[in-house]
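Using the hints, position chain B against chain A.
Line order of the protein sequences matches chains A and B.
Residue numbers 1 to 175, in my numbering, belong to the letters of the first sequence in order.
Residue numbers 1 to 255, in my numbering, belong to the letters of the second sequence in order.
No wet-lab data here; the hints were simulated from the structure.
Just to be clear, a hint being listed does not mean it is correct.
Only pairs whose alpha carbons sit at most 25 Å apart, straight line, appear in this in silico SDA-like list of lysine to any residue [to be verified]:
| no. | chain 1 | residue 1 | chain 2 | residue 2 |
| --- | --- | --- | --- | --- |
| 1 | A | K67 | A | A84 |
| 2 | A | K109 | B | A165 |
| 3 | B | K122 | B | A165 |
| 4 | B | K167 | A | T54 |
| 5 | A | K109 | B | L112 |
| 6 | A | K109 | B | K167 |
| 7 | A | K67 | A | G45 |
| 8 | B | K167 | B | S180 |
| 9 | A | K109 | B | T226 |
A few chain A residues facing chain B, derived, Cβ under 7 Å [what the hints assert, rightly or not]:
| no. | residue |
| --- | --- |
| 10 | M126 |
| 11 | T130 |
| 12 | I132 |
| 13 | L148 |
| 14 | E152 |
| 15 | I158 |
| 16 | T161 |
The C-beta atom is built at its ideal place from N, Cα and C for all residues, glycine as well.
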Amino acid sequence: MSVPLTLLGLLEREPSHGYDLKRDYDAFFGRGKQLPFGQVYATLGRLARDGQVTAGGAEPGDGPDRKRYAITDSGRHVVDTWLADPVEPEPHLQTVLFAKVTLALMLGKPAAAYLDTQRAAHIRRMQELTEIKRTGPLVDTLLADHALFHLEADLRWIDLTSARLADLAEAVRNR
Amino acid sequence: MNSPAVTRGPMIETRHVAKNFGQTSALRDASLCVAQGEILAVMGPSGSGKSTLLHSMAGIYTPDQGEVLFDGQLLNTMTEADRTKLRRTAFGFVFQFGQLVPELTAADNVALPLLLNRTKRKVAYKTADTWLDRLGIGDKGDRRTGELSGGEAQRVAVARALALAPKVIFADEPTGSLDSLTGEKVMDLMTGLAREQGSTVVIVTHDARVAAYADRVVMVRDGLLTPGDRPSSSSQGRHGAPAPAAAASAAKGAN
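Next comes chain A alone, as it looks inside the complex (with noise of 0.2 Å):
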């Protein structure tokens, strides 16, 4: 899971404090694992640093950073690169699908066409893998088979997440 690049998606919907987007980052994509305040503000600092988010004066008030953190275009630019781009397709990288497919949500920005993307790159992939069966040596094809499978499980939720795309647009727009 990519957190600058999910809590820059955060920010994008509106101008907000550390601790908000804190909190919003647990509530949807912390799992049960909390985002440390120190990683945080250190991230918000490198965002701020690369031009991606700009930070407001320091307001009155408890807590370690009462500033307020605002995107930049340059940093709307970055989450919508990052969200269109399918992902390498590797085994395992339902995390970062699952993050991308909320926050496409969240944002209103077309998840449907993000996941069509998606699953044509791992159909490429898959095909790359079945040329290497085809030609290759045995333990190559054993190796391919273990992808494959993966891969094809991956596909499973892709399909899955696409028909249920309206009612989890529902549940993230209720939470």
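Coordinates of chain B only, in the frame set by chain A:
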């Protein structure tokens, strides 16, 4: 000057094809081109309309709207007799079940379509033997297909489809009733030998691992075609470019 390969149109083309069954819309606005020698997979869940698309492409169903062209000829306006002739001479079919006559031998089943096309008996049976051999079941020619295993029977079905040297092979869930390894061998042989022969293949499947044998994969969902995968540069090179070595090794591997 253009080469024939460049000027040649698609082998199969559907233009805005729609098909309804009663109130149910099975296929909507399906436009698709399949190049000569291309192996295309149509994927989709059951009930998505993928088999309706295949049956429309093969002239088995007449679309309610749109056009289907085979090698530039419009199927819609052909007489049923002409369409039947086309299916018998230019198309080969591989289905999941029930296409072989169980009481006849493997050789009879492969020779039958050739005999229907008025091939001389001796030639038809020689061709049948050659194809059964290529599919690694040369020793099963005189066995009744009802007595063969699922994988052997499906190889007979592939031999029967290929023996006609069809322009297009339509395969609907060709490995649906087979275990993984047997299904893989059938796919390997069917696609390898079709490439060698230059036949165009349209495969309908819900199985991504089967679809991965194709040059290009398109998706059907709720009766609508989604663009799916574009042919990659490597797969484009495979179109119409027979790969005898690969096909031969595929046949060898399945023995």
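Closest C-beta approach of T130 of chain A to chain B relative to 7 Å, hint status: holds, 4 Å
Restraint status (C-alpha distance of K109 of chain A to A165 of chain B at most 25 Å): violated, 48 Å
Interface restraint verdict for I158 of chain A against chain B (beta-carbon cut-off 7 Å): With a closest approach of 10 Å, the I158 of chain A hint is violated.
Supplied contact hint for I132 of chain A, tested at 7 Å Cβ to chain B: violated, 11 Å
Proposed interface contact between E152 of chain A and chain B, which counts if any beta carbon pair is under 7 Å: Cβ of E152 of chain A sits 5 Å from chain B, so the hint holds.
Restraint check for K109 of chain A with K167 of chain B, where alpha carbons must lie at most 25 Å apart: violated, 43 Å
Given hint A165 of chain B paired with K122 of chain B - CA-CA distance at most 25 Å: holds, 17 Å
Proposed proximity, G45 of chain A with K67 of chain A (alpha carbon, max 25 Å): Roughly 11 Å separates the two Cα atoms, so the pair holds.
Cut-off 7 Å, beta-carbon criterion: hint that L148 of chain A touches chain B: holds, 6 Å
T161 of chain A as chain B interface residue, shortest Cβ-Cβ below 7 Å: violated, 13 Å
K167 of chain B paired with T54 of chain A [C-alpha distance capped at 25 Å]: violated, 63 Å
Restraint status (C-alpha distance of K167 of chain B to S180 of chain B at most 25 Å): violated, 28 Å
The earlier numbered hints that this structure contradicts are 1, 2, 4, 5, 6, 8, 12, 15 and 16.
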